[in-house]
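> So the chains spell out like this:
There are 2 protein chains.
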Amino acid sequence: MKIHGQPHRAIEADHERRIARIVDQTVLPHEVAWRELETLEDAAEAIVAMRVRGAPLIGATAAFGMFFALREDASDAAMQHARAALHATRPTAVNLRWALDRVILAVASFAPENRAEAAWSEALAICEEDVRTNHAIGRHALELFRSLQAKKADPSAPLNIMTHCNAGWIACVDWGTAISPIYQAHDAGMKVHVWVSETRPRGQGASLTAWELREHGVPHTLIVDNNAGHLIQRGLVDLVIVGADRVTAQGDVANKIGTYLKALAAKEHDVPFYVAIPLSTIDWTMTDGVRDIPIEQRSAREVTHIPGLNAQGHREEVLIAPAGTPARNDGFDVTPARFVSALVTEHGAVEASAKALAGLRARV
Amino acid sequence: MKIHGQPHRAIEADHERRIARIVDQTVLPHEVAWRELETLEDAAEAIVAMRVRGAPLIGATAAFGMFFALREDASDAAMQHARAALHATRPTAVNLRWALDRVILAVASFAPENRAEAAWSEALAICEEDVRTNHAIGRHALELFRSLQAKKADPSAPLNIMTHCNAGWIACVDWGTAISPIYQAHDAGMKVHVWVSETRPRGQGASLTAWELREHGVPHTLIVDNNAGHLIQRGLVDLVIVGADRVTAQGDVANKIGTYLKALAAKEHDVPFYVAIPLSTIDWTMTDGVRDIPIEQRSAREVTHIPGLNAQGHREEVLIAPAGTPARNDGFDVTPARFVSALVTEHGAVEASAKALAGLRARV
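Protein sequence lines, in the order shown, are assigned to chains A and B. For the record, in the first sequence the residue sitting at position 233 is 233 according to the working numbering, with numbers rising by one throughout. For the record, in the second sequence the residue sitting at position 54 is 54 according to the working numbering, with numbers rising by one throughout.
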């Protein structure tokens with residue numbers, strides 16, 4: 001989508017120089033700094049330092065990392081070394097492993113001298129697929145938006161959409177998942193307004209979603225996470241749409257901590273609650289998400305300290321509690337399927353139920 | 001309650017010097033700075049600069065302010081001037097006006113030369129009443145705690161209590177409202193553990209409640225507001241208890257933004273949700289709180305900027321969103337009576353319903 005009015009992707013391939021460029025997300029929203037990735041080490045560092053984040057973008061970055069490695073040394077040993085080095089950057093990231101294995105599968109049958117070029121093509125293909133998938137998710141969700149818009153008492157009023165965390169283009173190669181239909185609605189001339197929830201502790205709503213929407217010109221308003229219930233109660237939210245980290249075979253949704261509170265409020269006030277996901281987010285081996293999805297415990301420091309820009313324009317972190325205060329920091333929560341109005345995938349919207357998901361799986 | 005192991009009140013009268021001392025809440029939790037109030041101007045400034053906050057504490061501070069004014073000049077004109085000056089510090093604070101009128105009523109019939117002493121006595125009486133009221137609220141809520149403790153699968157495990165914002169002793173003269181039973185339980189040797197919700201935007205949970213509990217030695221864990229639903233879903237919360245800014249005659253509760261989300265989660269998981277209030281918090285002129293309670297709109301800056309202590313130990317404010325991001329900041333939300341398990345007053349716990357509240361009103 002757009003940065004300073006120009007169309008961009010979160011990772012861009014330079015065909016001539018055979019390098020990749022990323023927006024360094026550690027300095028967003030206060031600065032837009034492009035970084036060039038030219039080596040395996042560059043790609044690994046970008047993932048470890050969280051200059052790139054979001055499962056699809058991490059996968060794409062790792063795929064380019066395989067190309068950089070194979071350009072230097074395309075032997076089987078070097079290939080396995082590169083895979084191990086990239087996999088170690090985020091050992092639990094499913095999408096990262098998937099991307100690495102996909103590149104290896106694509107290049108392994110080639111003679112070493114042709115492997116680098118095959119890896120470059122595969123990295124590009126991974127990017128293009130991500131863009132296509134996310135665009136399709138957005139297209140299907142946009143249909144839901146349109147029918148909600150048509151039902152509004154004043155159909156000329158903007159459609160008020162609430163989101164949580166960042167499921168936008170900067171977490172993917174382009175478009176995003178939950179934010180994809182918002183861009184498509186806006187680009188099609190539909191009036192939309194987005195309630196952006198800060199998303200403590202890491203503030204991805206305030207720092208990334210607000211930045212994305214601002215750069216692309218989509219009307220939005222930042223709120224603290226606490227404000228969500230009040231806005232939904234007062235009829236100021238027409239729908240909630242979020243992404244997900246994992247969805248079980250019965251439609252339970254693990255997503256950024258705080259998602260469940262929004263789902264509770266949406267249910268209480270009959271506001272649709274949509275979850276936008278590529279089909280690859282579904283973990284078919286799990287059913288009961290509350291029982292079985294492991295919840296990552298993150299550092300207390302994310303709760304007690306907040307980074308931002310000080311009055312002098314420097315990035316700084318401030319302590320907001322008594323020094324040494326104990327804190328608990330669950331990375332995710334699980335929203336049971338009964339709170340989810342629909343799962344919106346690249347193959348269309350589907351009910352969040354074991355039956356409907358099994359049907360979708362059989363169909364595609 | 002305790003600071004550095006010593007018992008204190010949030011406002012302390014020095015009988016010998018006829019001055020009052022307050023803890024400057026603008027520098028908490030990073031520094032405990034006592035300030036002496038000796039003049040009308042000192043008292044007014046403490047309220048305006050939010051060195052004191054919380055309805056009861058503001059009222060008590062204003063009462064001492066009247067004494068300081070009358071000590072200088074006890075004429076009718078001076079008394080009215082002092083009342084106007086103190087009232088202007090927070091024109092919408094009901095408790096502030098009540099305290100001022102109470103002092104005036106207590107002193108007006110005296111000859112000017114005796115008015116100052118009468119005001120001093122009345123200020124002390126206001127403080128003592130607040131302490132008694134809050135202690136009684138805590139005593140009644142403690143009974144509820146004990147019966148929940150007895151029902152726990154493992155009665156030797158700590159009772160897990162979740163609170164929101166700061167309804168502690170530092171918002172009152174002593175004890176607090178929602179936190180009063182927690183201190184009483186802890187002091188009585190009952191095992192309690194408190195989930196302290198940060199309470200964005202102003203962070204009163206992180207900065208004040210966490211500080212209070214730490215100083216008094218009560219086990220607690222800080223969480224981001226987003227974490228509340230997950231903990232309640234996982235059975236890690238035995239009860240939620242909060243204060244209130246206003247309760248209607250049918251039991252609807254206006255309290256700090258975010259309270260409603262906790263009430264929704266508590267209801268979904270059958271966790272008791274208590275609201276601790278002095279009877280004076282009930283606005284008998286209102287019934288439907290969602291319809292009628294005005295919701296204060298606060299500044300966008302509280303959403304986009306966060307104050308804290310930087311690495312050098314200096315207080316600083318950091319920007320957490322793109323500069324100029326529009327933000328909405330509702331100060332309060334309204335939790336309908338059906339989500340409230342009980343209102344706990346100084347006269348005992350009562351059902352949050354028009355009938356039960358009318359009965360209580362008739363009884364006392």
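Any given hint might turn out to be false.
[Unchecked claim] The calculated DSSO-like cross-link candidates involving lysine-lysine, where the alpha carbons are at most 30 angstroms apart (straight line), are:
(1) K355/A / K191/A
(2) K191/A / K152/A
(3) K267/A / K267/B
(4) K152/B / K191/B
(5) K267/A / K355/B
(6) K355/A / K267/B
(7) K191/B / K151/B
(8) K2/B / K267/B
(9) K151/B / K267/B
[Said to hold, decoys possible] These stretches of chain B come out as covered by chain A in the derived footprint (C-beta under 8 angstroms, 3 or more residues):
(10) 12 to 18
(11) 42 to 53
(12) 203 to 215
(13) 282 to 294
Just so you know, the hints here were simulated from the structure itself, not pulled from any lab data. Model, not experiment: these values are computed from the prediction. Yeah, the Cβ is synthetic: ideal placement off N, Cα and C, and Gly gets one too.
> Now tell me, hint by hint, if it's right for this structure.
Okay, the hints, checked on the actual structure:
1. K355/A / K191/A: violated, 35 angstroms
2. K191/A / K152/A: holds, 12 angstroms
3. K267/A / K267/B: Holds, because 13 angstroms separates the two Cα atoms, which is no more than 30 angstroms.
4. K152/B / K191/B: Roughly 12 angstroms between the alpha carbons, so the hint for K152/B and K191/B holds.
5. K267/A / K355/B: Within the cut-off at roughly 29 angstroms; holds.
6. K355/A / K267/B: Holds. K355/A to K267/B sits at ~29 angstroms (cutoff 30 angstroms).
7. K191/B / K151/B: holds, 14 angstroms
8. K2/B / K267/B: violated, 34 angstroms
9. K151/B / K267/B: Given that 30 angstroms is the threshold and the Cα spacing comes to 18 angstroms, the pair holds.
10. 12 to 18: Result for this restraint: violated, n = 0.
11. 42 to 53: Check failed, 0 qualifying residues.
12. 203 to 215: It holds, with 6 qualifying residues against the three required.
13. 282 to 294: violated (count 1)
The structure is inconsistent with the numbered hints 1, 8, 10, 11, 13, although it conforms to all the rest.
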